[in-house]
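J.: This is what each chain is made of:
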Amino acid sequence: MNELYRLATGPLLWAAFAVFVGGSLYRLLELFLLARRRERFLFTYFSLRYGLRSIAHWVVPFAATNWRRHPALTAVTFAFHLCLLLTPIFLLAHIVLWEEAWNVSWPALPDDWAIGMSFVVIGGCLFFFARRRVVPEVAYVTSASDYGILLLTAAPFVTGVIAYLQWFDVRLFTVLHVLSGEAMLVAVPFTRIRHMLFAPLTRAYMGSEFGAVRHARDW
Amino acid sequence: MTGSKTPPPAKTVDEGLERGIAGLTEERIRRIIRRVLAGETGARLKAYVDTCIHCGLCSEACHFFLSRDRDPAYSPVGKVKQTLWEILRRDGRVSPDFIKEARIIASTHCNLCKRCAMYCPFGIDVAYLMLVVRRICHLLGVTPLYIQDTAHSHAATLNQMWVKDDEWIDTLMWQEEEARGEIPDLRIPLEKEGADILYSVIGPEPKFQAQLIYQAAVILHVAGVDWTMPATPGWDNSDMAMFVGDNELMGRLKRAHFETAARLRVNRIVMGECGHAFRSVYDVGNRWLGWSMPPIPIVHAIDFYHELLEEGRIRVARRFEEPVTLHDPCNVVRGGGLHEKARAVIRRTCAQLIEMEPNREHNYCCCAGGGVINCGPPYKKHRVESNRVKAEQIAAAKLKGAKVVITPCHNCHSGIEDIIHHYELGVETRFLGDILYQVMEKP
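Protein sequence lines correspond, in order, to chains A and B.
No gaps in the numbering here: position 61 of the first sequence is 61 in the numbering used here, and each next residue is one more.
No gaps in the numbering here: position 207 of the second sequence is 1207 in the numbering used here, and each next residue is one more.
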């Protein structure tokens, strides 16, 4: 188990970060080059001002009409994404690892908060899972990969909480936590989790078209 | 996986589709699909397909989905799933029957109204994805008969309605003569080089709505506008080619239109109350020809009426008394931002405006646009049944007192009329120009 832990927190972690960063950059570059080669006009219409205007209306909870139409979903979506991004970055245990390896550190979240936020992420996954089962228009377009993405996202948080609360074999769940976190990072460029990379671009492009050409709001 | 709730519409027999698929082989289908995907699509298609998280939030944007009891097969993403996702998943290995169904979905279950782009958190352009499907079907020769006929007319005559060159000139002279009964010195100037404005219309105006040319002539004459109409093909600004997926033909049409305006050395093109033509001239056709924005400024009738009223070139004798409501046409509102100007014109010309809810950019489509009404009688029942929400919007406005629905777009006008009849709403539709002509001061 110690061997596995060392492997998971050593070479595999390096590999996971490399694939995450390199793969994400590759995906963005690939898209950029594709646009340059086939749809150069996209750059003509791209407007920073209107792109940001559109993004601003969609990253603020309830600022867009459709967010207001779905208050529960909106609350869950924003809480989920915020916790998903912030918890791993500001978790004390993670910062300690950064400090040991690189001698860098930053303020940490109190552990109770981090646990609470992890439950928000897990709850969010359950909410999205239920929504995929219950809401007909979502069920209609749901495929196995959608459940896979939910599982990939929930896994590091579920295992992390179990390890922290020492419910089962701590060492096993710590290793599973590290491995599942790495799996999620690696999955970003290769699954539709890459909406994390592309969504700001598609939103900004639609915002640009609506703002600069169509003179209309898109939120 | 949940299936579609409502049964599919009664089996439509469309000769254009049946004949189209009769000669198709799976090998040819795959070749054409690959050609389109590899040669004509790029970053947008990739980003849209890769980014969609299958959340279904676009659904409530769609009047089809809402009107058909929230049938998931009619949600924007549901339509993409049944067409483009399948094509991609099977790497183009789809059957002729699949192509027929995909054509029906892309061409008659979606008006390309882009309302869903305002409801998708990622701004995914489902209208564009449906156009990709239409493009594939066009190259495979699978197109509803009625709209293909209008495209053939465009190809043969450069107008949508098989109007012959002499019939066009004759119609203008006829309307000039009629209008001179009211205003003796009125002219419909033909081929006037160097005029300030080229006034362009869609094919149906000379074909069966010639009174609209009469009204426009009166408005332009009274306002003292220096204008002209061409005596040559290129007068028609409409474009069904854009909607069948025949981009090459669209390019020919728009080139003829812009070149006609350039030949007459006008400063601007003012167009009648048509939404899809505005989309074609202002947004789509110009891009195909390589112009990021139209090479000659395009002014939609709403914008032009607004200008004439604001500058005092047209004065209102007595405002239109019956309470009106306004249908915001997608192509000039979500496509051109003319919603406030339309309201300003109505405030000047009408005594009372009762708003539909929702309105402006959020207004529901008429369900006729995007070439859907042009697919003809086989799809009419499905079309009007698929816009119950519009009927409810109009009925609610009527309850508040509205008696007239102003629809400043040809497709909307016809679509709303069908809805009014089908749901027995008991209100009238009018163009903005009808109202302006009626209330303006005339010599």
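Simulated from the structure, these hints should not be mistaken for lab results.
Nothing here was measured: the structure is a model prediction, and the numbers come from that model.
Treat the hints loosely; a few may be bogus.
Restraint ranges, calculated between C-beta atoms of paired labels, are given here [stated by the list, open to error]:
hint : chain 1 : residue 1 : chain 2 : residue 2 : range
1    : B       : Asp-1166  : A       : Leu-52    : 50 to 60 Å
2    : B       : Gln-1211  : A       : Ala-72    : 37 to 47 Å
3    : B       : Val-1049  : A       : Thr-44    : 35 to 45 Å
4    : B       : Glu-1040  : A       : Pro-107   : 47 to 57 Å
5    : B       : Glu-1340  : A       : Trp-98    : 49 to 59 Å
6    : B       : Arg-1030  : A       : Leu-52    : 36 to 46 Å
7    : A       : Ala-63    : B       : Glu-1040  : 55 to 65 Å
8    : A       : Val-170   : B       : Arg-1035  : 30 to 40 Å
9    : A       : Met-196   : B       : Gly-1426  : 43 to 53 Å
10   : A       : Ser-143   : B       : Thr-1232  : 51 to 61 Å
11   : B       : Glu-1307  : A       : Ala-212   : 41 to 51 Å
Note that the Cβ used here is the ideal one computed from N, Cα and C, for glycine as well.
J.: For every hint, state whether the structure bears it out.
T.: Hint check:
For the pair Asp-1166 of chain B and Leu-52 of chain A, the supplied restraint of 50 to 60 Å holds, since their beta-carbon distance comes to about 55 Å. With their beta carbons about 53 Å apart, Gln-1211 of chain B and Ala-72 of chain A fall outside the hinted range of 37 to 47 Å. Taking the beta carbon of each, Val-1049 of chain B and Thr-44 of chain A are about 23 Å apart, not inside 35 to 45 Å as hinted. Remark: the range hint 47 to 57 Å for Glu-1040 of chain B to Pro-107 of chain A is upheld by a beta-carbon distance near 51 Å.
Distance hint check: the CB atoms of Glu-1340 of chain B and Trp-98 of chain A are about 53 Å apart, consistent with the given range 49 to 59 Å. In this structure the supplied range 36 to 46 Å holds for Arg-1030 of chain B paired with Leu-52 of chain A, their Cβ-Cβ distance being about 42 Å. A C-beta distance of roughly 36 Å is found between Ala-63 of chain A and Glu-1040 of chain B, which places it outside the suggested range of 55 to 65 Å. A C-beta distance of roughly 58 Å is found between Val-170 of chain A and Arg-1035 of chain B, which places it outside the suggested range of 30 to 40 Å.
Here the CB-CB span from Met-196 of chain A to Gly-1426 of chain B is close to 52 Å, well matched to the stated 43 to 53 Å. Taking the beta carbon of each, Ser-143 of chain A and Thr-1232 of chain B are about 54 Å apart, inside 51 to 61 Å as hinted. Between Glu-1307 of chain B and Ala-212 of chain A the Cβ separation comes to about 22 Å, which falls outside the hinted range of 41 to 51 Å.
Violated hints, listed in ascending order, are 2, 3, 7, 8, 11; each of the other numbered hints is respected by the structure.
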